[in-house]
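Asks: As a plain string of letters, each chain reads:
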Amino acid sequence: MIISRFLRRGISTSTSPTRRRSWWDHVTPALKDPINAVTDAFLADPCPYKINLGVGAYRDDEGKPVVLQCVREAEGKTGATNFLESTSTAISSKLVEESAKLIYGEDSDVIKERRFAGIPALSGTGACRIFAEFQKQFYPDSTIYFPDPTWSNHRNIWGDAHVPDRTFHYYHPDSKGLNFVALMDDVKNAPDGSFFLLQPCAHNPTGVDPTDEQWLEISSLFKVKNHFPFFDVAYQGFASGDVERDAQAIRIFLEDGHSIGCAQSFAKNMGLYGHRVGCLSILCNDKIQAVAIKSQLKQISNTMYGSPPIHGISLVSKILSNPDIKALWLKEVKVMATRIQRMRATLREALERLGSPLNWQHITNQVGMFCFSGLTRAEVDQLAKEFHIYMTHDGRISMAGVTTKNVDYVARAIHEVTASDRDIKILHNIGAYKVNTDICSTSLGTKKTRARGMNLAL
Amino acid sequence: MASTLLSLASATPSASLCFHEINKGKLNLGCINKEKTNPFIKAKSFGRVSMVVASNVSHFEGITMAPPDPILGVSEAFKADDHELKLNLGVGAYRTEELQPYVLDVVKKADKLLLEKGENLEYLPIEGLAAFNKVTAELLFGADNPVIKQQRVATVQGLSGTGSLRLAAALIERYFPGAKVLISSPTWGNHKNIFNEARVPWSEYRYYDPKTVGLDFEGMIADIKAAPEGSFILLHGCAHNPTGIDPTPEQWGVIADVIQEKNHIPFFDIAYQGFASGSLDTDAASVRMFVARGMEVIAAQSYSKNLGLYAERIGAINVVCSSPEAAARVKSQLKRIARPMYSNPPVHGARIVANIVGDSALFKEWNAEMEMMAGRIKNVRHKLFDSLSSKDKSGKDWSFVLKQIGMFSFTGLNKAQCDNMTNKWHVYMTKDGRISLAGLSLAKCEYLADAIIDSYHNVS
Chain A
1 MIISRFLRRG
11 ISTSTSPTRR
21 RSWWDHVTPA
31 LKDPINAVTD
41 AFLADPCPYK
51 INLGVGAYRD
61 DEGKPVVLQC
71 VREAEGKTGA
81 TNFLESTSTA
91 ISSKLVEESA
101 KLIYGEDSDV
111 IKERRFAGIP
121 ALSGTGACRI
131 FAEFQKQFYP
141 DSTIYFPDPT
151 WSNHRNIWGD
161 AHVPDRTFHY
171 YHPDSKGLNF
181 VALMDDVKNA
191 PDGSFFLLQP
201 CAHNPTGVDP
211 TDEQWLEISS
221 LFKVKNHFPF
231 FDVAYQGFAS
241 GDVERDAQAI
251 RIFLEDGHSI
261 GCAQSFAKNM
271 GLYGHRVGCL
281 SILCNDKIQA
291 VAIKSQLKQI
301 SNTMYGSPPI
311 HGISLVSKIL
321 SNPDIKALWL
331 KEVKVMATRI
341 QRMRATLREA
351 LERLGSPLNW
361 QHITNQVGMF
371 CFSGLTRAEV
381 DQLAKEFHIY
391 MTHDGRISMA
401 GVTTKNVDYV
411 ARAIHEVTAS
421 DRDIKILHNI
431 GAYKVNTDIC
441 STSLGTKKTR
451 ARGMNLAL
Chain B
1 MASTLLSLAS
11 ATPSASLCFH
21 EINKGKLNLG
31 CINKEKTNPF
41 IKAKSFGRVS
51 MVVASNVSHF
61 EGITMAPPDP
71 ILGVSEAFKA
81 DDHELKLNLG
91 VGAYRTEELQ
101 PYVLDVVKKA
111 DKLLLEKGEN
121 LEYLPIEGLA
131 AFNKVTAELL
141 FGADNPVIKQ
151 QRVATVQGLS
161 GTGSLRLAAA
171 LIERYFPGAK
181 VLISSPTWGN
191 HKNIFNEARV
201 PWSEYRYYDP
211 KTVGLDFEGM
221 IADIKAAPEG
231 SFILLHGCAH
241 NPTGIDPTPE
251 QWGVIADVIQ
261 EKNHIPFFDI
271 AYQGFASGSL
281 DTDAASVRMF
291 VARGMEVIAA
301 QSYSKNLGLY
311 AERIGAINVV
321 CSSPEAAARV
331 KSQLKRIARP
341 MYSNPPVHGA
351 RIVANIVGDS
361 ALFKEWNAEM
371 EMMAGRIKNV
381 RHKLFDSLSS
391 KDKSGKDWSF
401 VLKQIGMFSF
411 TGLNKAQCDN
421 MTNKWHVYMT
431 KDGRISLAGL
441 SLAKCEYLAD
451 AIIDSYHNVS
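Which chain is which? The protein sequence lines are A and B, in order.
Here the first sequence is numbered in the working numbering, starting from 1 and rising by one per residue.
Here the second sequence is numbered in the working numbering, starting from 1 and rising by one per residue.
Just chain A, with the same shape it has in the complex (with noise of 0.2 Å):
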């Protein structure tokens, strides 16, 4: 490559508008991220009833992103000191704790004593690329096991840190809940000390989390194995509505003694999404090794982007550390949660109104943002191309994008890709469904064709 670099050389000095070589040329475009697909493809449909059930990001009963009012209250208590630098390390070290109350309780041991290391993060993601390079640092060999299915960024983050990814089975396609029996067999079978990424709540793009008895027998087979445990906590607080439920399976962990790292992300539960804040903590004998392990991770994050933007951190640490403030967030917490909860319910008793032939009971099952639906590549293609509905290519729905003005055309929608015989759909797909966009051009309803009598009113 580097050969044919050095023979395709020659910019032209001139001016000139005309195609010139460049030393660019040997790089292909990126492609896409799936779930940015989704919301682009979404952002250039023309029509007016267009429905995004891709990203999972909260929306309101009118479908419109919500700043929480906790956030505009901290807000309103920060100020123009946030820029400057010396205030910067005590806002952090306040984030860090506060986060570490939140996930591992008050009351724990491991805060009392302070044997956790932690630096903030940018958000979710950037929790998990700095605990990936630190593995790479310091378990060089190490690979990471994955459920299956998980986040699809997952894999990148871990691919980009150089650190090889396995997979446990996690979904079970049959039954759309927990293929509890074979997970168990993965991990037991991995090799001893093996890392292994688990989502404590509302699990990305599944929805399905094992129950407490469960947990506890995960928990108990990683202590016979010695595996570490890898938590990325993303929706704690949007599972139950309540966050110390949601955080049940840590403790569980804790209680048996585990060792563990957490990726926590603040972008959902507290809506601060842009903002990008979250921590990452690595649990540790005690304190001595805690401050070691936190220069290890602070000299990671150095080379990377520096610290995580302070406008971000002072709101989150605000909002934990004022007992006012918290108290709002939890109710907030609790409000959007039951509304999911609530678009569960109703579009599943829509599907089963329309006399939908298919158990949808998974969708109730189901925890969180997101619910496997369980349909076809070639059904959300059609959700998306005739009736405006966008999720990513696995089914996966993100309620959050759900309101009661468009659940309705939502169960219609899904019952209508997925009433008649599956398997000739797929063989006539191609030819059977065309894109129509007149629809969306003219008033509601009038083509017939494809109306058939569905309510699209929104």
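Keeping only pairs whose Cα atoms sit at most 27 Å apart, straight-line, the calculated BS3-like set for lysine-lysine is:
| id | chain 1 | residue 1 | chain 2 | residue 2 |
| --- | --- | --- | --- | --- |
| 1 | A | Lys-136 | B | Lys-192 |
| 2 | B | Lys-431 | A | Lys-298 |
| 3 | B | Lys-108 | A | Lys-77 |
| 4 | A | Lys-101 | A | Lys-287 |
| 5 | A | Lys-32 | B | Lys-134 |
| 6 | A | Lys-331 | A | Lys-101 |
| 7 | B | Lys-364 | B | Lys-108 |
Keep in mind the hints are simulated off the structure, nothing from the lab.
If you're wondering where the values come from, they're calculated on a predicted model, not measured in any experiment.
Fit chain B to the given chain A structure using the hints.
Replies: For chain B alone, coordinates are given in the frame of chain A:
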């Protein structure tokens, strides 16, 4: 798709000697034993109680402290000192004449506007805030620059200078495996760390001449010429850190000549646009000269110093390409690198910069505040020079203090002399002899002059 996989597959980690040596060194700092045997007790499953025995041994048992950061370590030592005449000339953060941190008025205004607007906090696109990307490229290249009009610049918002450099380093590692980055000797301490972590090999070109306390221009040109064709030459756009020594416009022309001759790629780090001369445009002259010659250029920007947005981490990486198609492809790959690092960049700092640079009234105000800050440093330089010249009877030429530019001055003091500065005079600076004039007030110039004269003449 196959070609994408192919190009990614060929971007193997660098196997250069430099990287391995450094990596070995790093492993020595804190690597636990890598034996495959399980160092932990393997208890049988007799129920949960018995397993507690194996519980309290950490997987990260043997990890040792990372070495302290040489620059930030100075501030910590300063804090610990309670001498009344102590002076912190360590980290390059602007201070007022009263030696207080300074939040620009224009930033306060922009921040207030943001609060009033109450915009949502949704994810930015991976490449960052579009409004920010537009104004940041215009600020660096000039709004009327043909490269912008022809859409030949791939701009991606980054986390200040560090984050932007890291994105570029990862791009180099992926698409030019084995290619070296040449960095100045000396340079900002974190440059080496960034390239090491990104697995990009580097070597140094001569820059600082201790004899003249100025630029070793011949050495610099010779070393750039001697580097393998197709190397990346890291250049400080203005206000070189740590020396404060910048090439003259004529010298920049020669540097550009050599880089073109040797098929190298110029890679600018612009952390002080506005802080060198006081004019944002003037300070971009070196970058603009290279771009005007039709060269493809990489340029990392930071708003930490010139807008005082240190803690908000706002900057950008720009890659000027020979065509808009190339720019689009490069941008997509920068995004591919950013997604598994942090998914998308933070919104707050981007909105502040977009508001300031995009609003003509606020932009004017910023220009004025920039001139004021750079002006204060120029005044301090003059006062320091006057104090040194009048107090030192040896006839030593202290004019380098005036010739150097930007926040920093390389005093020419060696390590022992720097130690004397700290131990005897309670003046805190980095051991390479660098002082941050941003931390010096007019009132303290005479004291500092005494300290420098004493250390220079009485300590070896």
